[in-house]
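Participant: Start from the sequences and build out the full structure, keeping to the hints where you can.
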Amino acid sequence: MDKSKILIIVPSYREEENIVRVLQGLEKYVPDIDVLIIIDGSKDLTEEIVAFNDYNSLVHPFNLGYGVAVQTGYKYAVKNGYDIVVQIDGDGQHDPKYIIPLVNTLSNNDVDVAIGSRFLEGGSYDVPIARKIGIKFFSKIASLITRQKISDSTSGFQALNRKAFNYFSKVDNFPYDYPDADTIITLIFAGFRIKEIPVIMYDRLNGKSMTTGLKTLIYVIKMLISILITVLRKKKIYEDSEELSNLVYTDKKIRPVATTNVKLLH
1 MDKSKILIIV PSYREEENIV RVLQGLEKYV PDIDVLIIID GSKDLTEEIV AFNDYNSLVH
61 PFNLGYGVAV QTGYKYAVKN GYDIVVQIDG DGQHDPKYII PLVNTLSNND VDVAIGSRFL
121 EGGSYDVPIA RKIGIKFFSK IASLITRQKI SDSTSGFQAL NRKAFNYFSK VDNFPYDYPD
181 ADTIITLIFA GFRIKEIPVI MYDRLNGKSM TTGLKTLIYV IKMLISILIT VLRKKKIYED
241 SEELSNLVYT DKKIRPVATT NVKLLH
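For the sequence shown, the positions run 1 to 266 when UniProt numbering is used.
No lab work stands behind these hints: they were computed from the structure. Owing to the predicted nature of the structure, the values given are computational and were not obtained by experimental measurement. Misleading hints may appear alongside valid ones.
Calculated pairs, SDA-like style, for lysine to any residue (alpha carbon to alpha carbon, straight line, at most 20 Å) [what the hints assert, rightly or not]:
| # | residue 1 | residue 2 |
| --- | --- | --- |
| 1 | Lys75 | Gly41 |
| 2 | Lys170 | Glu243 |
| 3 | Lys140 | Lys234 |
| 4 | Lys132 | Leu144 |
| 5 | Lys222 | Ile145 |
| 6 | Lys79 | Lys163 |
| 7 | Lys97 | Tyr202 |
Restraint-style ranges between C-beta atoms, simulated for each label pair [said to hold, decoys possible]:
| # | residue 1 | residue 2 | range |
| --- | --- | --- | --- |
| 8 | Lys136 | Lys215 | 16 to 22 Å |
| 9 | Lys97 | Glu243 | 36 to 42 Å |
| 10 | Leu214 | Lys28 | 33 to 39 Å |
| 11 | Lys28 | Asn206 | 17 to 23 Å |
| 12 | Glu242 | Arg131 | 36 to 42 Å |
| 13 | Lys149 | Val127 | 29 to 35 Å |
| 14 | Arg204 | Gly122 | 21 to 27 Å |
| 15 | Glu121 | Pro61 | 41 to 47 Å |
| 16 | Asp2 | Gln24 | 21 to 27 Å |
Glycine included, each C-beta is placed from N, C-alpha and C at the ideal position.
Facilitator: Right under this line is the structure:
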């Protein structure tokens with residue numbers, strides 16, 4: 001495994017209270033893998049903390065949505081010739097110790113996307129019952145539609161090979177807010193191979209989740225609509241997949257942020 005060809009992307013929005021813990025985990029478990037923090041228009045100190053701790057970042061001038069931040073990471077990976085992208089959230093829920101197992105799953109199991117699941121044997125997540133029901137609901141829908149068992153459709157903790165992230169870097173209807181069950185369905189419709197592995201996740205220590213209160217209801221409605229549209233576009237998704245996943249990249253590495261030699265904050 002050539003670690004110089006792996007990129008970890010960390011979409012972040014208002015994570016000044018959580019991002020240090022994420023950076024410390026990355027430093028502990030994957031110190032020799034490139035990291036890119038995508039700061040989605042945060043008006044707090046996230047950008048300053050990332051720069052102070054010598055990590056590369058791309059900054060959206062204003063909040064464009066979680067999905068846009070993720071796609072920004074995919075586009076950067078394509079432009080800079082990476083072979084694998086690992087997606088990890090900036091709120092500390094995803095444990096960096098599972099990054100290497102996710103990457104190994106890609107190479108050892110002949111799959112395109114490896115997803116960390118909280119609900120396979122060996123995984124866990126202390127989640128409120130209402131949210132757990134919602135996750136199970138969308139996972140069941142994804143499983144029925146794709147005829148493939150999906151245990152955790154809202155994980156967000158995943159590794160993608162070059163063909164898969166190149167595909168999503170070009171898709172013009174990639175969800176701008178919450179790419180969850182709909183993107184998994186899209187991947188399977190497009191012919192990509194997916195495998196889940198068990199992971200343990202943690203609740204965020206600080207700040208608010210993107211899906212709380214009224215936002216939860218909005219999320220459910222928008223996700224159902226997005227899934228319906230995805231199903232209606234099944235044939236086109238399959239037809240377009242070969243062209244959209246065509247590999248065009250350069251081996252030149254681009255460093256978007258000037259860095260300083262400062263150790264992690266404690």
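Participant: Hint says 36 to 42 Å; check whether the CB-CB distance for Lys97 and Glu243 agrees.
Facilitator: The hinted range 36 to 42 Å holds for Lys97 and Glu243, with Cβ atoms some 37 Å apart.
Participant: At the C-beta level, are Asp2 and Gln24 separated by a distance inside 21 to 27 Å?
Facilitator: Given a distance of about 25 Å, which is inside 21 to 27 Å, the answer is holds.
Participant: Taking 41 to 47 Å as the hint, is the beta-carbon distance of Glu121 and Pro61 inside that range?
Facilitator: holds (44 Å)
Participant: Taken at face value, is the distance from the CA of Gly41 to the CA of Lys75 at most 20 Å?
Facilitator: holds (18 Å)
Participant: When you take the CB atoms of Lys28 and Asn206, is the distance between them in 17 to 23 Å?
Facilitator: holds (20 Å)
Participant: Can the restraint linking Lys170 and Glu243 be considered satisfied, given a maximum Cα separation of 20 Å?
Facilitator: holds (10 Å)
Participant: Is it true that Lys149 and Val127 lie within 29 to 35 Å of each other by Cβ?
Facilitator: violated (20 Å)
Participant: Is 21 to 27 Å respected by the C-beta to C-beta distance linking Arg204 and Gly122?
Facilitator: Since the Cβ atoms of Arg204 and Gly122 sit about 22 Å apart, the hinted range of 21 to 27 Å holds.
Participant: Measuring from beta carbon to beta carbon, are Glu242 and Arg131 in 36 to 42 Å?
Facilitator: holds (37 Å)
Participant: Is the straight-line distance between the alpha-carbon of Lys97 and that of Tyr202 20 Å or less?
Facilitator: Holds. Lys97 to Tyr202 sits at ~13 Å (cutoff 20 Å).
Participant: At the C-beta level, are Leu214 and Lys28 separated by a distance inside 33 to 39 Å?
Facilitator: holds (37 Å)
Participant: Is 16 to 22 Å a correct range for the gap between the Cβ atoms of Lys136 and Lys215?
Facilitator: holds (19 Å)
Hint 13 from the list above is the single one not met by this structure.
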